[in-house]
Amino acid sequence: MEILYEDNHVIVVNKASSEIVQADKSGDIPLSEMVKEYLKEKYQKPGNVFLGITHRIDRPVSGAVLFAKTSKALTRLNDMFRYHSNLKKQYWAIVKNLPPQDEMTLVHYLTRNERLNKTFASEERTEGSKKSILSFRRIADSDNYHLLEIDLKTGRHHQIRCQLSTIGCPIKGDTKYGFPRSNTDGGISLHARYLEFIHPVSKKLIGVEAPLPNDILWDEFARILDVNPDGGIFVMEPEEYEQIERERAEEMKKLGM
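If you count the sequence shown from 1, you need to add 405 to reach this note's numbering.
The reader is advised that the hints may include incorrect statements.
Mimicking BS3-like on lysine-lysine, the simulated pairs with C-alpha atoms at most 27 Å apart in a straight line are [what the hints assert, rightly or not]: (1) K477 to K493; (2) K536 to K441; (3) K493 to K536; (4) K477 to K441.
Distance windows between CB atoms, simulated [what the hints assert, rightly or not]: (5) I621 to N502: 15 to 25 Å; (6) T475 to G573: 39 to 49 Å; (7) S547 to K447: 36 to 46 Å; (8) T475 to D433: 23 to 33 Å; (9) I434 to D546: 34 to 44 Å; (10) E644 to S476: 34 to 44 Å; (11) T480 to G452: 15 to 25 Å; (12) Q449 to Q506: 17 to 27 Å; (13) D556 to G533: 24 to 34 Å; (14) F525 to D429: 20 to 30 Å; (15) G452 to G583: 21 to 31 Å; (16) V632 to E508: 32 to 42 Å; (17) M406 to K477: 18 to 28 Å; (18) T475 to K523: 30 to 40 Å.
Don't read these hints as lab results, they were simulated from the structure.
All C-beta atoms in this analysis are idealised placements derived from N, C-alpha and C, irrespective of residue type, glycine included.
Start from the sequences and build out the full structure, keeping to the hints where you can.
What follows is the structure, given as structure tokens:
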């Protein structure tokens, strides 16, 4: 388990594509329990350790996951994720097919089928559907694949996987959404690369860039982009990001949210 950022109230962990965030019927040990055990040992706590799950990413997806270490932090972070405020989630996805445009904003109405554990997209609102928005831009190309940088505006079940598949660009390894072959590790080439949020207590802006998966293709894209595959973090004081927040609010207004 790799800790990317930690303070008294929050902890951000780099999730591997094989891990689950929360316990499910598989019986596998979830990441949340691994973090609890880490905190219990680090702080020598004799009893139960509090840890709040603020969001989840799918099992085959890798990248940054944020947990709350206090109830105060959990309440405030839950509101951020529920209303998608003071929060930025950016993903990198490797696709085989060239998207219709280098930059696009996708708006679909998504419906989740619980029995199939799959999400379906429609151009029009249907009963039980949820409006879902993401923007992406193509940032790099290898000989056979393309790398997309995705800004998630809403957080729906399998949203990125479903919406990219809908435009003919299923994610590498994602056979559930139309890619012809699985990846050798069983994951898909979708990575929660960057997570930015207002700290629930200090109000500082925290940015966490998750290290890229240990994979030849990810390494190739890191070389093409000349970026550090190991990621990093930054912290910004409240007064410094006021202008950023104003610009983001204007963007959301234009999208009708």
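| message | If you test the structure against every hint from before, which numbers come out violated? | response | Of the numbered hints given earlier, those the structure breaks are 2, 10, 12, 15, 16, listed in rising order.
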